[in-house]
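Protein sequence lines, in the order shown, are assigned to chains A and B.
Each residue of the first sequence is one higher than the last, beginning at 1 in my numbering.
Each residue of the second sequence is one higher than the last, beginning at 1 in my numbering.
Keep in mind that the hints are not guaranteed to be accurate.
[To be verified] Output of the computed footprint for chain B on chain A, the stretches with three or more beta carbons under 8 Å from beta carbons of chain B:
1) 13 to 23
2) 66 to 78
[Said to hold, decoys possible] Taking beta-carbon pairs under 7 Å as the criterion, some of the chain B residues facing chain A (in silico):
3) Gly42
4) Leu43
5) Phe45
6) Asn56
7) Phe60
8) Glu101
9) Pro106
10) Gly107
Quick caveat, the hints were computed from the structure, so don't treat them as lab data.
Small disclaimer: the values here were computed from a predicted structure and weren't measured.
For each residue, glycine too, the CB sits at the ideal point set by N, CA and C.
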Amino acid sequence: GQQVMQIPQYQHVQEGEDFTTYCNSSTTLSNIQWYKQRPGGHPVFLIQLVKSGEVKKQKRLTFQFGEAKKNSSLHITATQTTDVGTYFCAGRAPQTGTASKLTFGTGTRLQVTL
Amino acid sequence: KAGVTQTPRYLIKTRGQQVTLSCSPISGHRSVSWYQQTPGQGLQFLFEYFSETQRNKGNFPGRFSGRQFSNSRSEMNVSTLELGDSALYLCASSLDGRVYEQYFGPGTRLTVT
Numbered sequence: 001g002q003q004v005m006q007i008p009q010y011q012h013v014q015e016g017e018d019f020t021t022y023c024n025s026s027t028t029l030s031n032i033q034w035y036k037q038r039p040g041g042h043p044v045f046l047i048q049l050v051k052s053g054e055v056k057k058q059k060r061l062t063f064q065f066g067e068a069k070k071n072s073s074l075h076i077t078a079t080q081t082t083d084v085g086t087y088f089c090a091g092r093a094p095q096t097g098t099a100s101k102l103t104f105g106t107g108t109r110l111q112v113t114l
Numbered sequence: 001k002a003g004v005t006q007t008p009r010y011l012i013k014t015r016g017q018q019v020t021l022s023c024s025p026i027s028g029h030r031s032v033s034w035y036q037q038t039p040g041q042g043l044q045f046l047f048e049y050f051s052e053t054q055r056n057k058g059n060f061p062g063r064f065s066g067r068q069f070s071n072s073r074s075e076m077n078v079s080t081l082e083l084g085d086s087a088l089y090l091c092a093s094s095l096d097g098r099v100y101e102q103y104f105g106p107g108t109r110l111t112v113t
């Protein structure tokens with residue numbers, strides 16, 4: 001079945017440093033979504049990418065979708081303590097007659113210290 | 001607009017018992033998905049319902065079942081509970097589940113003793 005891996009599993013940065021998490025799918029995706037889960041909270045939708053090579057920015061966050069639509073990345077510039085949490089990518093395979101499920105990546109836990 | 005609600009928020013059950021969890025999606029959302037989250041396994045997809053029909057199912061044993069009502073509210077049931085079923089169960093609603101983003105509820109923390 002479809003597998004979505006993320007690296008690194010965990011990263012600890014000093015406030016102000018940059019952070020990147022990478023998402024790799026075993027199959028081509030129709031779209032990819034990113035979610036953030038704060039400690040003790042639930043996943044919250046950040047963004048969706050649909051097109052090959054697409055790049056989207058949200059303030060200090062930059063999201064990319066690979067040309068082959070099998071990988072994606074999230075880059076945070078100048079991290080802040082409010083960025084603490086686990087970041088998940090979630091991808092859906094192209095439909096082939098039956099609805100395909102949304103598969104979540106393994107997640108990257110980000111810790112930011114002053 | 002009210003968010004996704006889940007009840008109960010916390011539950012303690014004994015091995016062998018069964019449990020029913022409830023999820024009320026955002027008004028107008030017709031797709032409801034359920035996930036199991038554990039520290040070791042991450043977010044595991046259980047099933048997705050759309051207009052009262054199960055549209056997709058994850059790799060969980062038959063002890064895990066669900067249903068969706070005509071008002072889009074959904075329930076999931078776990079029978080013959082095992083210690084390994086202890087987890088955070090998250091429900092997520094979406095307009096149609098295929099293209100749109102998912103909105104998660106706060107989850108039900110199930111502890112099996």
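### Query
Taking each numbered hint in turn, which are not upheld by the structure, reported in ascending numerical order?
Failing hints, ascending: 1, 2 and 7.
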